[in-house]
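Between the sequences and the hints, there should be enough to build the whole structure, so can you do that?
Chains as they are written, first to last, in the working numbering: chain G, 1 to 252; chain Z, 1 to 252; chain V, 1 to 230; chain U, 1 to 230; chain S, 1 to 230; chain D, 1 to 230; chain F, 1 to 230; chain P, 1 to 230.
Careful, some of the hints might be misleading.
Stated by the list, open to error - Straight-line distance between alpha carbons at most 27 Å, and here's what the computed DSS-like set of lysine-lysine pairs gives:
1. V:190 - G:68
2. Z:217 - P:71
3. G:62 - Z:217
4. G:49 - V:190
5. V:57 - G:59
6. P:71 - P:125
7. F:59 - V:5
For the record, the hints were derived by calculation from the structure and aren't laboratory data.
Given next are the chains, with one letter for each unit.
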Amino acid sequence: TDATASAADSDPNPMKDAFSKYAAYLNELNEKRERVVKASRDVTMNSKKVIFQVHRISKHNKEEVLEKAEKDLAAVVDQHISRLVKELQGTDFWKLRRAYSPGVQEYVEAATLCNFCKTGALLNLDQINASLRPLSGPSVEPLQINVLDYLLGLADLTGELMRLAIGRISDGELEFAQKICSFVREIHRELMLIAPKMDDASDMKTKMDVMLQSVMKIENACFSVHVRGSEYIPFLGSEDTNFSLLGVPEIE
Amino acid sequence: TDATASAADSDPNPMKDAFSKYAAYLNELNEKRERVVKASRDVTMNSKKVIFQVHRISKHNKEEVLEKAEKDLAAVVDQHISRLVKELQGTDFWKLRRAYSPGVQEYVEAATLCNFCKTGALLNLDQINASLRPLSGPSVEPLQINVLDYLLGLADLTGELMRLAIGRISDGELEFAQKICSFVREIHRELMLIAPKMDDASDMKTKMDVMLQSVMKIENACFSVHVRGSEYIPFLGSEDTNFSLLGVPEIE
Amino acid sequence: HSLEKQFEEFRHQLDDSGSLRERIRTVASEIESETRLIHSCLLLIHQSRPITEVLEKAKGQIGVLRELYVKLAEIMRECPGQYYRYHGDWRSETQTVVSLLAFMHWLETESLLLHAEAEEKLGLKPLEFGLDIEDYLIGICFMSNDLPRYVVNQVTAGNYDCPRKVLKFLRDVHAAFRMLNLRNDFLRKKFDGMKYDLRRVEEVHYDVKIRGLTMSGNSTGYQEGDEGRS
Amino acid sequence: HSLEKQFEEFRHQLDDSGSLRERIRTVASEIESETRLIHSCLLLIHQSRPITEVLEKAKGQIGVLRELYVKLAEIMRECPGQYYRYHGDWRSETQTVVSLLAFMHWLETESLLLHAEAEEKLGLKPLEFGLDIEDYLIGICFMSNDLPRYVVNQVTAGNYDCPRKVLKFLRDVHAAFRMLNLRNDFLRKKFDGMKYDLRRVEEVHYDVKIRGLTMSGNSTGYQEGDEGRS
Amino acid sequence: HSLEKQFEEFRHQLDDSGSLRERIRTVASEIESETRLIHSCLLLIHQSRPITEVLEKAKGQIGVLRELYVKLAEIMRECPGQYYRYHGDWRSETQTVVSLLAFMHWLETESLLLHAEAEEKLGLKPLEFGLDIEDYLIGICFMSNDLPRYVVNQVTAGNYDCPRKVLKFLRDVHAAFRMLNLRNDFLRKKFDGMKYDLRRVEEVHYDVKIRGLTMSGNSTGYQEGDEGRS
Amino acid sequence: HSLEKQFEEFRHQLDDSGSLRERIRTVASEIESETRLIHSCLLLIHQSRPITEVLEKAKGQIGVLRELYVKLAEIMRECPGQYYRYHGDWRSETQTVVSLLAFMHWLETESLLLHAEAEEKLGLKPLEFGLDIEDYLIGICFMSNDLPRYVVNQVTAGNYDCPRKVLKFLRDVHAAFRMLNLRNDFLRKKFDGMKYDLRRVEEVHYDVKIRGLTMSGNSTGYQEGDEGRS
Amino acid sequence: HSLEKQFEEFRHQLDDSGSLRERIRTVASEIESETRLIHSCLLLIHQSRPITEVLEKAKGQIGVLRELYVKLAEIMRECPGQYYRYHGDWRSETQTVVSLLAFMHWLETESLLLHAEAEEKLGLKPLEFGLDIEDYLIGICFMSNDLPRYVVNQVTAGNYDCPRKVLKFLRDVHAAFRMLNLRNDFLRKKFDGMKYDLRRVEEVHYDVKIRGLTMSGNSTGYQEGDEGRS
Amino acid sequence: HSLEKQFEEFRHQLDDSGSLRERIRTVASEIESETRLIHSCLLLIHQSRPITEVLEKAKGQIGVLRELYVKLAEIMRECPGQYYRYHGDWRSETQTVVSLLAFMHWLETESLLLHAEAEEKLGLKPLEFGLDIEDYLIGICFMSNDLPRYVVNQVTAGNYDCPRKVLKFLRDVHAAFRMLNLRNDFLRKKFDGMKYDLRRVEEVHYDVKIRGLTMSGNSTGYQEGDEGRS
Ligand SMILES: [Mn+2]
Ligand SMILES: [Mn+2]
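Okay, structure coming up:
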């Protein structure tokens, strides 16, 4: 560092040299942060599209809808998450977390939503991270989504699942709705134990409140279907009895 | 619209057709908004750099510092504002204003700051808009910064001028500081009359409060220099009397 | 002095746009009270007045609305390209207008009022002064919010076929909305609400069906309004 | 059940990171109270105690600080790559540490403590556990905030040469900072404050100069602290 | 000194209006706790206690309220023309009072308590110390908010004719309110809320109707309104 | 020097109360995480797990809580008369504890957990270290907030008699609270919220009742309203 | 129908008071923009324009203000006894008006504008439509807020006697305010802020005094503290 | 019924503690207004009135304060062990009281009012109803906040020796505070603020010193402390 400056000028100023270094560091950092923010916004926008795609599901088009959703999700990874991977190395994962966290959370939301619809199970963090590993290479560290972003994404997932459940009930898929209900309850119960341990617990706390609202919305919908379906109707007896759409367990 | 859909399918559904159009419209709009936001962020970041460049001014390097600042400012226009111009057409200027307004305001701040340092005068909105006209072309409408963004940028400018004034006093450029003081007072006075007429007056109201603080900071600095400089010192009389650095008007 | 001159000019411009906004707001508030009137007419449908009578009265007032929108369009012609600058001043009113028009349209035709049809009804011309698509969509959501109440009251009044029709309609509309990719904004929130309307209508439909209630048999009173249809 | 297993695992991880954070906070708060002690020593400089004496006492305590940072680095070695996850828990303490070290360094050498020198004094190793550059810079700003007070009290005590030296130093530092492009963040705000420190020092310098006050003549008392310098 | 004289006078005036306000607040808080008592009585209606019994007990306490309003009117007589200066200190209490009186009145007469009747019940005299119209209207809205709960509990208790009556009443009140041109204020907001009450009562009415529930069997009291059915 | 001596003494006292508070907070946070575990157990009730099973598991953990409160009481014994000085450090945790205990008690006995019973369950002794009455009352309000959800899920699981029982219970509790004269504070706000729980349970009860749903097995009463149909 | 008749009447009354309020607000907003113009004139005082010139221009515009207040008074004459009903619609504007008038009065006479004088300047008549005392007092506080800036700029312009005069004035005003028993309201908050103005003016006075700065021309007194130098 | 009995009892307890609090607040607000009076007296010191005169007047009013504290202590005797339950109701008033007493004490004796002395002046007995240490310390910080203003005004009035004395005093107090380990609470924040007072007094001291201002000439009173100079 000394060598460069002290050549011509009679003023070999170590402070000036040091500050040129600091300036370069700050410039690079800020520019990288900007690039990460932009990639994150793209991840967000396109993950949201995947989520909307999943909501287009109905009793009869399940396979094709999910197939498209998964393809789109893969595209998000290839086109946008890959940009994050390129930028983030070493300590950047935590240093720039605020810059990319919204995008990653939305991606977690989309990926777990797809997976639940397909398999009925929760897509694990390990599985997500494994799926991102191909983006890395010899000189590129793999992007490892951290527990916190995963959990925050999961918290939002319950909102989407609530929407899905209401829709499924309308479509007569009561069992599916019931399954969502149990699944969301389970997530809520698990997160309740974890929430106060998060790095930024206050964030999660508000999400927990919203989540409880979502759980109760599903429960109320299930209640309503059940109560209506349980009604004793003495003079029932017409042509079409496919009231499975309301999940009546064949009038007790 | 009808023709396309009714061909093959037995279900010529005008609603579905119409909603495909709405979907396409919304997709395009959201994507354009994203691109505009990104361009705006770049404009912001690079305009801020120009502002910092201007703050590197000192008594002796004025020309070169301003020259570089102007070059950088031109680069902001060429590289980033040009992207805005490409995106924004017709009603977009107002529809997407929230997406690009921060960038444009910061650019106004940078451009007017440069200009004031160079000419001591306020760069007009017309002048700025004229300077952006080359970016447009036969198929591209010119970007016309609107009065509101210009005025909001100007409001922020006074903060930068305050910093400049404090720096100039330290550097002994008292007249320059005095000039800034008058200039900022004038802007404050003019904006005070205009502020309540702005489209979103509440935004401007908080900026006005900050602006008054800036004016008073400059005034207090000038007061301090003046009072100190006016002090009667009977036994003064040493070698170097270059106390012009404190703007003493040769002891009254 | 150029600085003063510029601000002088700004003051004129802002005064102009201020008074423009004032005029817009006046029209918007006229639209709003006209809308209240129409809404007030339409509310009678919940009290089992014959549909044709209700519709006729309500449709009679659309002319006034149309004129107000023409007036708005004229004002906006003074500031070309600034539609979206002042948009906020008539958005929510227009959303309500769309919801009412769409409801009336459904009552008449049992189909969804399309965006272009809504523009036409209001005398709007897309290129000059059109109906913002998001406003249209929000208006449709608002309409959906009123359907459960309509269905409940119709069934109470003995119109047992109503739930089936409304259900079909609402399912189609909901399906159409699902084609859209929305941001986390007001429209999305409203669209989320539509799911609940759909469910409520289904429930009523179920209530009616499970009891084998049909128009033919035991219903008597409230049939007057049905002649105009089919 | 894999869902439960995963959450079970998360709970462990979060518990681990929670207890890690607990340990970090303990060290950080020890750093904080150690810093208060050093600060307390250095405050005596404002009461005209001889610089060498003050410095000696303060420097004696740096060892403790150094050990605490070693401890912190050891903790962080358990979670490589997560420096910035826990950074917030020691940032503000470290900024104060830098400001004190830089002030002591100035007293000794009349030059700015550089980033690498600060790391060295604290026994930090850039690759493992370094000193964040923004923390360093903020620390320097904090130091600048203390200089006006120092100058005022030194002059009061008859040390009339002090303003000149501090002024030169602060001007250099300020010029160096101007090379940076900052965001609208905490650092920028602190840097803005430095301008006022500079001005205040200039004013004192002016006060002294205009009165022709020099060390030679009428000052008597407080010279003891100057021998250590030369 | 004129400045001092002026402030001396101000002190007296401010002290006076301060102690006046103190007295007003004392009465207002007595009104508030009396209101709580009445409310507490009325709540028993939800637990299917006979209306007459509930009403009798509640009405017994109106006398106290009346006395408190007379007291308030007396205080205000000391500062003619300043009714609206202190209005804020008893508004919300009075709104609750109106809501309770109107609910009791409905229970007794199945009609709306009119403004003049409310004044009379409270012993207010329009010209001296009247009941502000907006307070009256807000009180009516508050009463409306309690009706859905009342209807639900009555039906649960087997009083199947209740929804029809309440619905008719609420529709009339709602229609009357729609005649007003309300500003965008608290009253408007409360009125906008009334439509949810209406909707809920309609739903309960629907529930009863679709199930063909009638009073026939073991219910006794509530039959008067049933002739109209068949 | 008396000034120094005084501050020396202050230092000791502040250090003592600081470390006391530290210990209290540690215990309070242990209480908090223990409470979360119990709450997590109890949540299984919504998934239709048998009550006895759920209760058993939850009750197994009360022992831990009890020990923690004993620990707290021991700490407080060191500073007699200062219960309310540190009260804020365990209040909100204790309120949650009460809400869980009261819910469990209701599940077991269908009656309200009394203040003395709560103290007993936690091993508290009124004279030394009791349960603050307001904390107890707030805890009861918290419990009330959980009941609507419980009732909804029980009905879904086919337990049609649940709403009636809960409603009776909640009405009793609500009536009891109304006897208190509450200040405008947190407790009052929580109590005011209780009426929404009551209303919701009433609505669930209504939904069950209007459909004539009964427990297939042991249910008996309830049929009164059904004769009128057919 | 008595219910309808009542609401018909209400509609008239609400419409009347609505349009009255509309008119009041129009005048209030005219007062506001007139006030801005005057304020803008007065700001020139900080740029060292001669006081007489500035004052003359500003005073020229008071006539307009006066007319607006006459207009307001006329409107209020239509609804006797309701001054305080609409008071909120012109309060804050009037407070600013008072602050400007009081500042101008101080510039002219170096004394406080009294309440009666303010009323006179605005053409208000105490019995019909007076100036509310609290508004007057708040206006005086606002004026006080502007004095530090004025003093600073006057000294910069070489007017060294200004701080002494302003300080005396502000002390008198502050002492007068202290005679009042203020409630914990907006006025109290504003008055509490006045002490910062006082402190700042004291500091400016101190800065001038300690340097022995005097008016070259007509200044006389002030030297007492200076003999000690030499 | 045990539930009712329990709540009956609660009502008594809550009513009791409510009325107790009411009484405490009444006394606290009397303390507050008495404090305003004393403060008002003391403010004259800034206007250069002779210290003895100011002090005499202020001290005359301490008796009233003392009586109020005796009253408070009597009330608290009714609820032993609950000092800290109601502490919040008189804290901030007491802190102000301490600040005034300490300021007066400094004026008289140029030494710090000790905690025990403060208790004595207020007639408090440590074991029954003492002065909370933190309140005492916060009061001292408040006193410190007033010293810069005092010093500025004294110098303006020609009392050039004042800064030196105050500086010495404030440095001692500041040093004493630094011995304490403060938590991150209100007291810490107030103490952190004390350094600004210290800095300001140092600056005034500097201003006086650099100009060589001394008491020599027409000043009379304040000479005692000057021998040390030369
Ligand atoms: Mn989402
Ligand atoms: Mn800026």
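Each hint, compared with the structure:
1. V:190 - G:68: holds, 26 Å
2. Z:217 - P:71: With a Cα-Cα distance of about 50 Å, the restraint between residue 217 of chain Z and residue 71 of chain P is violated, given a limit of 27 Å.
3. G:62 - Z:217: Violated. Residue 62 of chain G to residue 217 of chain Z sits at ~66 Å, over the 27 Å cutoff.
4. G:49 - V:190: Holds, at roughly 18 Å.
5. V:57 - G:59: violated, 42 Å
6. P:71 - P:125: Within the cut-off at roughly 13 Å; holds.
7. F:59 - V:5: holds, 24 Å
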